[in-house]
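S.K.: Spelled out from the first residue to the last, the chains are:
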Amino acid sequence: MAVVETRKLTKVFKEGELGAVNNVDLQTREGEFLVFLGPSGSGKTTLLRMIAGLEHPTAGEILIGGKVVNDLTPRERRIAMVFQSYALYPHLSVYNNIAFPLKAQNVPRNLHKQKVEWASSLLGIGALLQRKPRELSGGERQRVALARAIVREPEVFLLDEPLSNLDAKLRLSAREELERFHRRVGTTTIYVTHDQVEAMAMGDRIMVLNQGVVRQIGTPQEVYDDPADTFVATFLGSPPMNLVENDGIIVGFRPEHFRLAEDIREADKVTFKFRVENVEYLGAEFILSGVLVGGKADGKKIIARLLLGHSFAIGTTYDFAISERQLKFFDRTTEQKVAARTLAWQ
Amino acid sequence: MADTTVVATRRPLGITAISVALMVSAVALLARTLALHVGGLAGVGRMIAVLTCLLLAIGLWKLHYGTRVFLFFLLVSDIIGCFMALFLYALRQSQHRLAIELVVEISVAALLLWYLQSPGVKRAFGGLNPWPQTAKMLVLTVFTVLLAFPFYWMVIATFKQNIDLYGMENNPFIFNLSPTLDHLRLLFGQTRFLRWLGNTASVGAIVVVITLLLSVPAAYALARLTGRWGERLGIGIFLTYLVPPTLLFIPLSRVIAILGLQDTIWSLVLVYPSVTVPFSIWLLMGFFKSIPRELEDAAMVDGLTRFGAFIKMVVPISLSGILTVVIFTFTLVTQEFVYALTFISPESQQMVGVGIPIFLVRGDVYFWGSLMAACLVASLPVAFIYNLFLDRFIAGFTVGAVKG
Amino acid sequence: MAVGAAKIKSAGAAQSPMLGFAMFTPAVLYILLLIGAPFVLAIFYAFSDARIGSNELHFVGLENFRSIMQSPSFKKAIWNSVIFTVCAQIIVLVCSNILSIALEKPFRGRGFVRFLLLLPWVAPVSLGTIGWKWILDSIYSVITWALIWLGFVNRFTPPMWLGEEKLAMASVILVHCWRLIPFSTVILLAGRTAIPKEIPEAAAIDGAGFWRTLFQINLPMMVPILGVAVLFGTIFTFTDMTVVYILTNGGPYDSTQTLPNLAFSQGIQGSDLAAGAAISVFLVPVLVAIAYLMLRVAHRAEVN
Chain A
1 MAVVETRKLT KVFKEGELGA VNNVDLQTRE GEFLVFLGPS GSGKTTLLRM IAGLEHPTAG
61 EILIGGKVVN DLTPRERRIA MVFQSYALYP HLSVYNNIAF PLKAQNVPRN LHKQKVEWAS
121 SLLGIGALLQ RKPRELSGGE RQRVALARAI VREPEVFLLD EPLSNLDAKL RLSAREELER
181 FHRRVGTTTI YVTHDQVEAM AMGDRIMVLN QGVVRQIGTP QEVYDDPADT FVATFLGSPP
241 MNLVENDGII VGFRPEHFRL AEDIREADKV TFKFRVENVE YLGAEFILSG VLVGGKADGK
301 KIIARLLLGH SFAIGTTYDF AISERQLKFF DRTTEQKVAA RTLAWQ
Chain B
347 MADTTVVATR RPLGITAISV ALMVSAVALL ARTLALHVGG LAGVGRMIAV LTCLLLAIGL
407 WKLHYGTRVF LFFLLVSDII GCFMALFLYA LRQSQHRLAI ELVVEISVAA LLLWYLQSPG
467 VKRAFGGLNP WPQTAKMLVL TVFTVLLAFP FYWMVIATFK QNIDLYGMEN NPFIFNLSPT
527 LDHLRLLFGQ TRFLRWLGNT ASVGAIVVVI TLLLSVPAAY ALARLTGRWG ERLGIGIFLT
587 YLVPPTLLFI PLSRVIAILG LQDTIWSLVL VYPSVTVPFS IWLLMGFFKS IPRELEDAAM
647 VDGLTRFGAF IKMVVPISLS GILTVVIFTF TLVTQEFVYA LTFISPESQQ MVGVGIPIFL
707 VRGDVYFWGS LMAACLVASL PVAFIYNLFL DRFIAGFTVG AVKG
Chain C
751 MAVGAAKIKS AGAAQSPMLG FAMFTPAVLY ILLLIGAPFV LAIFYAFSDA RIGSNELHFV
811 GLENFRSIMQ SPSFKKAIWN SVIFTVCAQI IVLVCSNILS IALEKPFRGR GFVRFLLLLP
871 WVAPVSLGTI GWKWILDSIY SVITWALIWL GFVNRFTPPM WLGEEKLAMA SVILVHCWRL
931 IPFSTVILLA GRTAIPKEIP EAAAIDGAGF WRTLFQINLP MMVPILGVAV LFGTIFTFTD
991 MTVVYILTNG GPYDSTQTLP NLAFSQGIQG SDLAAGAAIS VFLVPVLVAI AYLMLRVAHR
1051 AEVN
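Chains as they are written, first to last, in the working numbering: chain A, 1 to 346; chain B, 347 to 750; chain C, 751 to 1054.
These are computed hints drawn from the structure, not numbers from a lab.
Incorrect hints may appear among the rest.
When the alpha-carbon atoms are kept at most 25 Å apart in a straight line, the in silico BS3-like pairs for lysine-lysine are as follows [to be verified]:
#1 LYS855/C x LYS14/A
#2 LYS300/A x LYS273/A
#3 LYS14/A x LYS635/B
#4 LYS103/A x LYS947/C
#5 LYS408/B x LYS8/A
#6 LYS658/B x LYS14/A
#7 LYS947/C x LYS132/A
#8 LYS67/A x LYS635/B
#9 LYS14/A x LYS825/C
#10 LYS296/A x LYS269/A
#11 LYS482/B x LYS8/A
#12 LYS113/A x LYS103/A
#13 LYS14/A x LYS482/B
#14 LYS113/A x LYS67/A
#15 LYS826/C x LYS468/B
#16 LYS482/B x LYS855/C
#17 LYS482/B x LYS826/C
#18 LYS273/A x LYS328/A
#19 LYS658/B x LYS635/B
Sample of chain B residues lacking proximity to chain A, with all beta carbon distances greater than 10 Å (derived) [said to hold, decoys possible]:
#20 LEU382
#21 PHE419
#22 LEU474
#23 THR537
#24 LEU605
#25 GLY632
#26 LEU641
#27 GLY654
#28 LEU736
Just so you know, even glycine gets a beta-carbon here, dropped at the ideal spot from N, CA and C.
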């Protein structure tokens, strides 16, 4: 097992244009499950491909296990990668798909059978070995791709949105399976996704990227509760964090913390008049959208998320509040997090 | 915002030196060329050398990746060329001085190559392995030269004076005497070349019209109206494209004779669509299938008949497909040889494809200059147009064996 | 009633069978009359004594076949047709594979390079072949000039490229290759670009080098398209008469004679339509085999 490290890693596809990846510094921990999270075009896949050796960095260094691997081919990096499309070899049987890395890396022939059987039983696809990829379901293909990745016992796993080709139901079970799989093999894993739910559920740590720049690295909790800037604040969470400007400071709060004033026990809370304009009933909760009335943030659109137990009428104004410790503060120009402070709202 | 400037890499000393040396030699070569008043082809050659040196010098100075690959390519070609000259020429002809010079040149080039692929230089140029690119450039150069050579040869022969063309001592690759337009004049003035072009153009135009009239409705019907069964029939029609003229020309010659069409271009007008229609139907079926059915349904809901929807909606949308068929048909008419050779004997009724090889050759006397000129004039435009539409023809040829 | 009508309308095909019939009948009739009928006629002629200039026609059974089977030209022609086709296909397959790899990724000036590479295919065959005839001329051949200059060949006994049996055969094969390589290259290029780019990438990560990826991943995945290239190439070489007719007209001493050229010289130039037809009928088994294989490829493409 090994640690992946990048130093000032940069990739510029076209000279003079903004880089796809800019000065990325990161360091995985031994055996950790690190998620690259970002919208499409944020450079997360490019970053992963550079680590894999499929893309050559414009500047900066990549280290695997403490060794600079910039000039090494993918083969020499001892990594494994699962592609979004799984990239199974369509003309080879499942057995030969899994055995291909062994052949390519000149593992002695007599070990092939044993290793393929080990990998396939780990993923429960022992019965499928003679099939061709096109005869498999989406979930089975994913397992074959994982088996092919693990069979060579790599030092690092790279997974590029491996769940995005599955339907919603299958995705949930495949996610759990991946987590179990990672716990069992314990190999350092880097996982790319644009799906925040996947990232939150699976990651030991999440690295949020936008426009090729790292916005924040931290545990799911840190990233959600303590976003480093407004991008992270609005990218994570559904519905996203509400942002309100007051006295030259951007103040953010999560929809679930914006509640009826009577429900908040804490003494230091900020209260607002909130006129409800739309109510969405989602079964377990309400999503209310509306505007603040009066005060410095008059007319500001806000979304609130409430558990059931109340009823709301459209067009009516209610007393809402947020406990002060739930407020996040961001600089108006840099959009970076700043220290908490007390602001006047009326 | 994080700063996005790329970390500047330092230029290795050797690269600076090579760059400066190239710059100096470019200037020196330029000065020499100007001072000695070298004109004509030699002058052009020298100017190209000066420009190459300059570009290489600038590219290396700026650490441009492509320049390094190009330099690799030049050096490798140089080494290969030197080896060939050494073993095929210098050693066989006992030219010892030349042999030594060649060995020195090979060593210098090899040394430069060795330096250029050293880790420091590699890092400075972005760390990519230049060999795959170099190999590609070599492959492409070799094949381009081999495949395009006959056409280069046509150009040379077209503009060469006869004394030059038939001089055994002359280097045949270059103009030893000044170029001439005599062959072109002979071709256009004293042969039926223009008439042949005219014949070909008129046959082409008529065959295009017939092909369109037959294949557009048929392709549409097969793609839409008759469903799955239509697809089978479509493949059947495609298979008829595989039946070659060399199998059919004997019975057809009898048919043409019975119809009294022999020795007229009408025989070709009758027969050529049998070559063009099957493939055109196949091509157009692909186009029509890619048009969503809803479009026609919408047109029919808006009050058009199905045939009206076909004429007013489908045909305009697939104009590019129809244009492809037009080009395919026309180029096929210019390329066909067997039928034209079989059905038509008088010189005045010929098509270019047959007229040039058969009638510009009088007995054993070959007017190579005008022959080559004719080939060039007749083939380049056809080649150019065909090339523009090639990808679409290829899509037809692959029979669905390629799917995205 | 209205519902029923709408249903039929959406079914499309059933709605106006007459129109569909009227639209494809002319083309099908034309094809039947100008390909189907002559095809049958060719086979019929092969069993008759049809000649140019005489309108009488008698059924003579296998007489034509017996006489052509005995002619040495015919044996030579069959043998040559096979040799030319097989040799050309092998060379073309290797070269076009190399070229398609080199052309796969875009680079500056690719359009122009592609145009030059494609010239042999897109220019009319007969004209390109004339160019070769000049290159291979007995006296002024540029190849001979170069060989003399290099000292490989004596200037008093230069090689007769089209006049010596072995050299003439090699020349014909060379010209066929020259013409087919571009065609085959673009077909293979289409097949190569259709491979999802993750597949070779996955192979690279799995540790496969250039050759292993080529032979164990790319080429096996391109089998259908390689099939198409070879099948078309076979048809274009086996049934071609332009190259041989212009370059050597079958000579010297039938050493480059092929079936189509022999059929032309006996059937049209020798006025013996029946013999010509009998010779060209020998193309049919090859065509049938190719048609069958082509259908297999198309079917396989449909299944996948």
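S.K.: Each hint should be assessed against the structure and marked as holding or not.
M.R.: Hints, verified against the model:
1. LYS855/C x LYS14/A: holds, 16 Å
2. LYS300/A x LYS273/A: Holds. LYS300/A to LYS273/A sits at ~11 Å (cutoff 25 Å).
3. LYS14/A x LYS635/B: Violated - the C-alpha atoms of LYS635/B and LYS14/A are around 38 Å apart, more than 25 Å.
4. LYS103/A x LYS947/C: holds, 21 Å
5. LYS408/B x LYS8/A: Distance of about 22 Å is within 25 Å: holds.
6. LYS658/B x LYS14/A: Measuring from Cα to Cα gives roughly 44 Å; hence the hint is violated.
7. LYS947/C x LYS132/A: holds, 20 Å
8. LYS67/A x LYS635/B: Outside the cut-off at roughly 55 Å; violated.
9. LYS14/A x LYS825/C: violated, 62 Å
10. LYS296/A x LYS269/A: holds, 16 Å
11. LYS482/B x LYS8/A: violated, 32 Å
12. LYS113/A x LYS103/A: holds, 11 Å
13. LYS14/A x LYS482/B: Answer holds: LYS14/A to LYS482/B is near 22 Å, not above 25 Å.
14. LYS113/A x LYS67/A: violated, 32 Å
15. LYS826/C x LYS468/B: Cα-Cα ~58 Å, so violated.
16. LYS482/B x LYS855/C: Roughly 10 Å separates the two Cα atoms, so the pair holds.
17. LYS482/B x LYS826/C: violated, 41 Å
18. LYS273/A x LYS328/A: Given that 25 Å is the threshold and the Cα spacing comes to 20 Å, the pair holds.
19. LYS658/B x LYS635/B: Status holds; Cα separation ~17 Å.
20. LEU382: Given a closest Cβ separation of 40 Å, the condition holds.
21. PHE419: Consistent with the label, PHE419/B stays out of reach of chain A, its closest Cβ about 20 Å off (over 10 Å).
22. LEU474: Violated, since 6 Å does not exceed 10 Å.
23. THR537: holds, 54 Å
24. LEU605: holds, 53 Å
25. GLY632: Answer for GLY632/B: holds, closest chain A Cβ roughly 23 Å.
26. LEU641: holds, 30 Å
27. GLY654: holds, 42 Å
28. LEU736: Answer for LEU736/B: holds, closest chain A Cβ roughly 28 Å.
Taken one by one, the earlier hints fail for this structure at numbers 3, 6, 8, 9, 11, 14, 15, 17, 22, listed in ascending order.
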